[in-house]
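Using the sequences provided together with the hints, build the complete structure.
Chains as they are written, first to last, in our numbering: chain S, 55 to 541; chain U, 55 to 541.
To be clear, the hints were calculated from the coordinates, so they are not data collected in a lab. Some clues are possibly wrong.
One copy or two, it doesn't matter: identical chains are merged, so the pair holds either way.
Within a straight-line C-alpha distance of at most 30 Å, the following computed DSS-like cross-link-like pairs (lysine-lysine) qualify [what the hints assert, rightly or not]:
| hint | residue 1 | residue 2 |
| --- | --- | --- |
| 1 | 399 | 306 |
| 2 | 400 | 169 |
| 3 | 212 | 398 |
| 4 | 501 | 212 |
| 5 | 117 | 169 |
| 6 | 154 | 538 |
| 7 | 295 | 476 |
| 8 | 399 | 295 |
| 9 | 399 | 169 |
| 10 | 169 | 398 |
| 11 | 177 | 538 |
| 12 | 306 | 398 |
| 13 | 332 | 283 |
| 14 | 479 | 177 |
Protein chains: 2
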Amino acid sequence: MNIDAGLIDRLEIAFHPKAIAIAGASEDPLSFGHQFLRHLLDYNYTGHIYPVNPNKESIFGIKSYPNLSSIPGQIDYVICCLPASMVVDLLAECPARGVKIVHLVTARLSETGRKEARELENKILHAARKLNIRLIGPNCMGIYYPCGRLANGYNLPKESGNIGAVFQSGGSSTLLIRYGELRGLRFSKVISYGNALDIDESDFLNYLAQDDETEVIAAYFEGVKDGRKFLRALNNAACVKPVIVIKGGRGKSGAKAVASHTAAIAGSTPVWSTVFKKAGVVPAKDLRELVDLLVAFSFLPPIMGYRVGIVSAGGGLSVMSADICEEAGLTVPPMPHAIREELKKKAPEIWDWIGNPIDVSIMGAVSVGLAEIIRELPRLMAGSPHFDFLIAEFSDDNPFLTEIWTALAARQTEAYISLHNKQLKSMIAVVHSEAANSHLPSYQRWKILSEQRAKFAEAGIPTYLSMDEAANAVRKFIDHCRAKAER
Amino acid sequence: MNIDAGLIDRLEIAFHPKAIAIAGASEDPLSFGHQFLRHLLDYNYTGHIYPVNPNKESIFGIKSYPNLSSIPGQIDYVICCLPASMVVDLLAECPARGVKIVHLVTARLSETGRKEARELENKILHAARKLNIRLIGPNCMGIYYPCGRLANGYNLPKESGNIGAVFQSGGSSTLLIRYGELRGLRFSKVISYGNALDIDESDFLNYLAQDDETEVIAAYFEGVKDGRKFLRALNNAACVKPVIVIKGGRGKSGAKAVASHTAAIAGSTPVWSTVFKKAGVVPAKDLRELVDLLVAFSFLPPIMGYRVGIVSAGGGLSVMSADICEEAGLTVPPMPHAIREELKKKAPEIWDWIGNPIDVSIMGAVSVGLAEIIRELPRLMAGSPHFDFLIAEFSDDNPFLTEIWTALAARQTEAYISLHNKQLKSMIAVVHSEAANSHLPSYQRWKILSEQRAKFAEAGIPTYLSMDEAANAVRKFIDHCRAKAER
Chain S
55 MNIDAGLIDR
65 LEIAFHPKAI
75 AIAGASEDPL
85 SFGHQFLRHL
95 LDYNYTGHIY
105 PVNPNKESIF
115 GIKSYPNLSS
125 IPGQIDYVIC
135 CLPASMVVDL
145 LAECPARGVK
155 IVHLVTARLS
165 ETGRKEAREL
175 ENKILHAARK
185 LNIRLIGPNC
195 MGIYYPCGRL
205 ANGYNLPKES
215 GNIGAVFQSG
225 GSSTLLIRYG
235 ELRGLRFSKV
245 ISYGNALDID
255 ESDFLNYLAQ
265 DDETEVIAAY
275 FEGVKDGRKF
285 LRALNNAACV
295 KPVIVIKGGR
305 GKSGAKAVAS
315 HTAAIAGSTP
325 VWSTVFKKAG
335 VVPAKDLREL
345 VDLLVAFSFL
355 PPIMGYRVGI
365 VSAGGGLSVM
375 SADICEEAGL
385 TVPPMPHAIR
395 EELKKKAPEI
405 WDWIGNPIDV
415 SIMGAVSVGL
425 AEIIRELPRL
435 MAGSPHFDFL
445 IAEFSDDNPF
455 LTEIWTALAA
465 RQTEAYISLH
475 NKQLKSMIAV
485 VHSEAANSHL
495 PSYQRWKILS
505 EQRAKFAEAG
515 IPTYLSMDEA
525 ANAVRKFIDH
535 CRAKAER
Chain U
55 MNIDAGLIDR
65 LEIAFHPKAI
75 AIAGASEDPL
85 SFGHQFLRHL
95 LDYNYTGHIY
105 PVNPNKESIF
115 GIKSYPNLSS
125 IPGQIDYVIC
135 CLPASMVVDL
145 LAECPARGVK
155 IVHLVTARLS
165 ETGRKEAREL
175 ENKILHAARK
185 LNIRLIGPNC
195 MGIYYPCGRL
205 ANGYNLPKES
215 GNIGAVFQSG
225 GSSTLLIRYG
235 ELRGLRFSKV
245 ISYGNALDID
255 ESDFLNYLAQ
265 DDETEVIAAY
275 FEGVKDGRKF
285 LRALNNAACV
295 KPVIVIKGGR
305 GKSGAKAVAS
315 HTAAIAGSTP
325 VWSTVFKKAG
335 VVPAKDLREL
345 VDLLVAFSFL
355 PPIMGYRVGI
365 VSAGGGLSVM
375 SADICEEAGL
385 TVPPMPHAIR
395 EELKKKAPEI
405 WDWIGNPIDV
415 SIMGAVSVGL
425 AEIIRELPRL
435 MAGSPHFDFL
445 IAEFSDDNPF
455 LTEIWTALAA
465 RQTEAYISLH
475 NKQLKSMIAV
485 VHSEAANSHL
495 PSYQRWKILS
505 EQRAKFAEAG
515 IPTYLSMDEA
525 ANAVRKFIDH
535 CRAKAER
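Written out as structure tokens, the structure reads:
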């Protein structure tokens, strides 16, 4: 490995700037110059903020400057929201103010497919190289670093987590953060890098690989700038941390879309698949699967076997869940002998009726005493060496009034979290989740599920929206744990 | 086809009873005897209601009777919530009161696997046969028929629709209705039939096949009582209406779960697959996929080709959506020549930057005039013979403040609905949908998406939660349309 230590230092400046200038700062809420300034304020960035706009005395009450040169202090980092034609002039002002790294939000460059735009992009790169300035972008959303109070979107979580992400697409990186938030995922650093004119995907991978704040790496790549460098970076990263990647532009039309999005060359799918496989990288097909995989990789200790104990919430659901788990490559073994023997003693009336999956809804059909015994079963399963992990499924599959169900659901949630806290076994939750439509009379029922899921996520229990997605993600997680152990 | 006309008449009585007795009516909200009585009241059932309970004078202010015999008028239909041991005696009272059909909510029969329970179940069947009474169940939730104000769950929609469903699992049938509600699906009749002791899956299929209120049939089967009868019923139904089926118990553990759920014999998966394929039945793997397929089959006119025009909401999303659609077997053709020529004239600065998928987020990067032209593109695509249908994707992939985005989203929603109303082409919406967690600061953003989706569903636009699910369901729908046309 030869990682560019100088570049790592530069990126550290971007993550920990003492002073930031926003070139093109604006009061127009539709402009990026407005948004990036707002983000610094909203997330309580503690360094100096210098809005740059020749037509304004101040913006949001902060003194504004006509250009970089007129700013009194040193500037570490510039967020450039100017039109493409103005970037070269901005760069020329940077060295005198001590600027080491510039984030180019600026777009309409090579991604337009136009010759003149591509030439301008080259001029920008040339100027930056000559002035010893490193560039993030252009055509990108740059950095989300909650620990440093840097953000690139509204209402993103302020807490940090263990996932580092490098995304060629800015909007998708924000979606990743938002989707992940609801499932308890939190991020160390998320970088959107767009056209990768200077610092590229390999550099960011190298950065995240050596970053102590990052334990799991998520990535979205549309193309690569330098194949060999990328292979080195990817192999190195996957060696030290789990790396989960969406490759955008796998098909013909996707590859065309890539060209007009970030001007990248998508490359052939079989090559990418081989590269991923060799490196031990886990591929994801879309954002949803990426989030599902991150939930497993971010929350779970290694699981080395496929044997799942299923706690289900209904008769039909039990059947479908068993089918889905087996079809995903998991094993759904029968209830172990030891548990059956214990049941036989305690509940002779029903011991042979109960299997894996357990359908806890049968509690409604038996006596209070027997219901107590069924309630105990997840604990017995968690303690059994015949299961590698448990999945419990929660749904609206119940015949009760909403008030009654609210209480039942709360008790179930608490019981599952308290069992999880005993750390007997890896535990996963599936909470059926259609988005709540607040105008529907059934809204209150969906709200219960949604809050139940939030509680699981907060307790550190990997939480999925369907059994199908849980089984798929956990299966891939186990595959990865086993492959890792064999290396 | 020889359909049992007598049985159809009996079922019509169950759907249109003039008087219902609830045996085992109760004030205990945890009991089915409470719930079924409440449902009749909640959904404003207009016939006579007779609670039966020897220990109560009245329940919910309605006069209660100690037994069927003491009820003064004729009774068409009995919902029996009594313990299994009391069913034979109840049946004996039925003929004198004119009862033709009984729904046995009663469980703990053959599904327990116990010899004595199985024997009791046989006795019940024997008694019913002798008394000329037909049975729905036992171990089932019976009938949801909004048009007749009969329901078997709280807060289910009161409006009717075109989907008839026959479900071996009661809880899952309620989930189908709830999940479907959020996507605009409404049902003609939903029947849960549990252990199928007397009237079985084939009978219900026959009923729905001839039912004028039903245009699409959804089913969940765990096993079949009579193979030949089932094949006839399935083939007949699939001949006259689309039939979409979840087969529960496809795997080893699922088949075991089936036995303890409804005492059915799951049968071998390859056989079922062959049967479905021959009959032209569409298989679904779980409730989620069933709902996705129903959205297509219930809302869309036939689509005969795979060429999709995609309107996407971001650069990365465009790329991923194109990939996902191609991987699902759809074709994502380049923007047709005619549209490109029109763009070349109207928008020479950007005409060659725009393809299929269109990324409408580039509107933010261009002048107001050009943005207007991009806004027009979905209309041009809807009018082009080079696309068979359109999918538009809506997400939170936007950099704006929530207030601004609310207005933008409302405008987009309105525009898409108004284009849909022009009926130029089949149009589908994908609205990214993580369930809203109301305690998160980002809740308001999810609420916008959720309301957008509700509006699409109300406008009759098939609406999906992800591009992946949309592409999968629509692909299967088109396969079905084409196969049908070839027959």
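Results of checking the hints against the structure:
1. Proximity of residue 399 to residue 306 under the C-alpha cut-off of 30 Å is restricted to the inter-copy arrangement: shortest distance 27 Å between copies versus 63 Å within a copy.
2. Taking the closest pair of Cα atoms, residue 400 and residue 169 come within 30 Å of each other only across two copies (20 Å); inside a single copy the shortest separation is 79 Å, beyond that limit.
3. Taking the closest pair of Cα atoms, residue 212 and residue 398 never come within 30 Å of each other, the shortest separation being 52 Å inside a single copy and 45 Å across copies.
4. When the C-alpha separation of residue 501 and residue 212 is checked against a cutoff of 30 Å, the pair qualifies both within a copy, at 24 Å, and between copies, at 21 Å.
5. Taking CA atoms no more than 30 Å apart as the test, residue 117 paired with residue 169 passes in neither setting, with 39 Å inside one copy and 86 Å between copies.
6. For the identical chains of this complex, residue 154 and residue 538 are neighbours neither inside a copy (39 Å) nor across copies (65 Å), given an alpha-carbon limit of 30 Å.
7. In this assembly of identical chains, the alpha carbons of residue 295 and residue 476 lie at most 30 Å apart only when taken from the same copy (27 Å versus 52 Å across copies).
8. Proximity of residue 399 and residue 295 under a CA criterion of 30 Å is satisfied in neither setting, with 48 Å inside one chain copy and 51 Å between copies.
9. In the homo-oligomer, the alpha carbons of residue 399 and residue 169 lie at most 30 Å apart only across protomers (20 Å), although the nearest pairing inside one protomer, at 81 Å, exceeds that limit.
10. In the homo-oligomer, the alpha carbons of residue 169 and residue 398 lie at most 30 Å apart only across protomers (17 Å), although the nearest pairing inside one protomer, at 78 Å, exceeds that limit.
11. For a Cα distance limit of 30 Å, the shortest separation of residue 177 from residue 538 qualifies neither inside one copy, at 45 Å, nor across copies, at 59 Å.
12. Within a single copy, residue 306 and residue 398 get their C-alpha atoms only as close as 60 Å, which misses the 30 Å cut-off; across copies the closest is 23 Å, which meets it.
13. Taking the closest pair of Cα atoms, residue 332 and residue 283 come within 30 Å of each other only inside a single copy of the chain (16 Å); across copies the shortest separation is 53 Å, beyond that limit.
14. In this homomeric assembly, residue 479 and residue 177 never come within 30 Å of each other (Cα to Cα): the closest approach is 57 Å inside a single copy and 46 Å across copies.
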